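J.: Each chain, letter by letter, is given below.
Protein chains: 2
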Amino acid sequence: MRVLITGGAGFIGKKLAARLLERRKLLERELTHLTLFDVGHAEGVPADPSLHIATGDITRPGVLFDLLRPGYDAIFHLAAVVSGAAEADVDLGYAVNLDGTRHLLDAVRAFGGKPRLVFASSVAVFGGDMPDVIADDTHLTPQTSYGTQKAVGELLVADHHRKGFVDGRSFRLPTIVVRPGKPNRAASTWASSIFREPLAGQEAVCPVADTTAMYILSPRRVVDALVHGMELPSEALGMTRSLTLPGRTYSVAEMVAALERVAGKAVTARIRWEPDAPIRKIVAGWPQRFSTPRAEKLGFAADEDLDGIVHQHIDDELGGRFVR
Amino acid sequence: MRVLITGGAGFIGKKLAARLLERRKLLERELTHLTLFDVGHAEGVPADPSLHIATGDITRPGVLFDLLRPGYDAIFHLAAVVSGAAEADVDLGYAVNLDGTRHLLDAVRAFGGKPRLVFASSVAVFGGDMPDVIADDTHLTPQTSYGTQKAVGELLVADHHRKGFVDGRSFRLPTIVVRPGKPNRAASTWASSIFREPLAGQEAVCPVADTTAMYILSPRRVVDALVHGMELPSEALGMTRSLTLPGRTYSVAEMVAALERVAGKAVTARIRWEPDAPIRKIVAGWPQRFSTPRAEKLGFAADEDLDGIVHQHIDDELGGRFVR
Chain A
112 MRVLITGGAG FIGKKLAARL LERRKLLERE LTHLTLFDVG HAEGVPADPS LHIATGDITR
172 PGVLFDLLRP GYDAIFHLAA VVSGAAEADV DLGYAVNLDG TRHLLDAVRA FGGKPRLVFA
232 SSVAVFGGDM PDVIADDTHL TPQTSYGTQK AVGELLVADH HRKGFVDGRS FRLPTIVVRP
292 GKPNRAASTW ASSIFREPLA GQEAVCPVAD TTAMYILSPR RVVDALVHGM ELPSEALGMT
352 RSLTLPGRTY SVAEMVAALE RVAGKAVTAR IRWEPDAPIR KIVAGWPQRF STPRAEKLGF
412 AADEDLDGIV HQHIDDELGG RFVR
Chain B
112 MRVLITGGAG FIGKKLAARL LERRKLLERE LTHLTLFDVG HAEGVPADPS LHIATGDITR
172 PGVLFDLLRP GYDAIFHLAA VVSGAAEADV DLGYAVNLDG TRHLLDAVRA FGGKPRLVFA
232 SSVAVFGGDM PDVIADDTHL TPQTSYGTQK AVGELLVADH HRKGFVDGRS FRLPTIVVRP
292 GKPNRAASTW ASSIFREPLA GQEAVCPVAD TTAMYILSPR RVVDALVHGM ELPSEALGMT
352 RSLTLPGRTY SVAEMVAALE RVAGKAVTAR IRWEPDAPIR KIVAGWPQRF STPRAEKLGF
412 AADEDLDGIV HQHIDDELGG RFVR
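In order, the protein sequence lines correspond to chains A and B.
Residue numbers for the first sequence follow my numbering, so the first one is 112 and each next one is one higher.
Residue numbers for the second sequence follow my numbering, so the first one is 112 and each next one is one higher.
Among these hints, one or two may not hold up.
Since copy identity is lost for identical chains, a pair holds within one copy or between any two.
[Stated by the list, open to error] Cut-off 16 Å, straight-line C-alpha distance, at most; resulting in silico cross-link-like pairs (EDC-like, lysine to aspartate or glutamate):
hint: 1; residue 1: 274; residue 2: 198
hint: 2; residue 1: 274; residue 2: 202
hint: 3; residue 1: 126; residue 2: 154
hint: 4; residue 1: 136; residue 2: 416
hint: 5; residue 1: 274; residue 2: 200
hint: 6; residue 1: 136; residue 2: 159
hint: 7; residue 1: 376; residue 2: 365
hint: 8; residue 1: 376; residue 2: 418
hint: 9; residue 1: 136; residue 2: 278
Just so you know, these hints were derived from the structure itself, not from any lab.
Here the structure is a predicted model, which is why all the values come from computation and not from measurement.
Could you put together the complete structure from these sequences and hints?
T.: Here you go:
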């Protein structure tokens, strides 16, 4: 079983790689080869004879053709520039997020073999004039270039699936909390910062009101979903190849309360409330509540509670300890 | 007022050009320059000092940059390969229908001026697991590459509108009946043939059952809609830049009955009923019934009846006479 992860140097790519190397199996076959592809070298991944690191520019078709030529049985397509970057640099966003996906699908088609493909889409495909609760059949009206490019990717995956070039499926990821690492250019970056920085003894800035609600999923559950989504029989998804992953909606106040329950008041005192009008405006345009019966029926699951999400971050990223 | 029509050698492009030259005004400004762009030379268009014919390959970005460099105030983007061709030749369909739209929007962005843009989308963006009646907010689940490419075009137009590069709006065209000319590679080509060929004294083949229903609009009404859609104030469309044009759903039996009422039994006797399983299967997957309150509120209108559609064809294409 040969597996490719694009965006393999990103935090989800690396966590997914670690999970696959731990399982040693995918689709009931032995994992013999796992390639992590990204624009930069994947750092901090376990040394493993079946693990291969590849670097290259996804915006260049030749790079993808070279990458795909050896053939893969399963592809996780996670590579993307994040929302803030895609919004600021229109050319870069379209080149990586749209053309990159085109190149990948063109290469898959060129070399045949009909691999399975999991495309990481995003709840950013929703926006604008939305119902109060986003349902499985709500139409896609993205209000960011990133959301537009993810919506286009879903359409391309579905068309290439229908034509028999790939066994494709697209899963819309909620905002991932707690994302490890540093703040990035996503307008949602504070949703992880308010947990991550205080637990590390640093100050975090929260630019939104504590009544702001976010639809979130933890890193472990995202990796669960990607693997589960890859292993779902194709028929389970039928003609509609996209679905929104189950998450849970919490207010910022609930997030801070969970952090306080787990880590104490000294930790939450490190959150500085500093309203930022442009960020509030972007976040206010995001969908907050979802109904995902289709995904739940197919065995996808949200985190059970916020406290568990805080504990998961402390266990997985901080070696079980935090700065009190 | 400088106006560009891509796909200007196609039958809608030419009818739209004739209408604009007749009106001499668009958006309350005098029409001074009208360019018809297509891969082939537009034939049979009125000689007019303000009319310019341009040819070129829309799949090559440089061609679109050269075309757009002089600047346009209003662009009708009709250029596309039809459904049958896009399905048979995956590369051609994506190159013309997706990359062509990208190149046009890139060129618009490069040269600024924020022109108005009307994108001709299609009801082929719907398909698969659909509700019985397609509503204004039904999600797009195309089951053809053509429908996929049109859905992607809508997303691109909406994103470029939101970013302020263009004042964009996308209108989903019903099947156009009666299309003049010869049968083409569209799986719906029979819907025009069953009127057009018998009225011209020729035999037509109907590959579907007479209970088959189609959602249709006449050429005149399509041109009305494109002009009306161009002239709608931007605010009228709000955040959702796409809408389905109102049409009417008729069964093949109703179409044949109308042809008989207008032209007589000798004409309808020229329809040969010859079931074609692959075409029936494609057509069975198409949406048949639509509810379009948003477009109706904005002043778009369907044809009043089928008899009028038959008369329109006889008047506009046959000089008022048909072969009895």
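J.: For each hint, tell me whether it holds in the structure or not.
T.: So, going through the hints one by one against the coordinates:
no.: 1; hint: 274 / 198; result: between (32 Å within a copy, 9 Å between copies)
no.: 2; hint: 274 / 202; result: between (29 Å within a copy, 13 Å between copies)
no.: 3; hint: 126 / 154; result: within (12 Å within a copy, 60 Å between copies)
no.: 4; hint: 136 / 416; result: neither (29 Å within a copy, 62 Å between copies)
no.: 5; hint: 274 / 200; result: between (33 Å within a copy, 11 Å between copies)
no.: 6; hint: 136 / 159; result: within (14 Å within a copy, 70 Å between copies)
no.: 7; hint: 376 / 365; result: within (14 Å within a copy, 74 Å between copies)
no.: 8; hint: 376 / 418; result: within (15 Å within a copy, 77 Å between copies)
no.: 9; hint: 136 / 278; result: neither (19 Å within a copy, 51 Å between copies)
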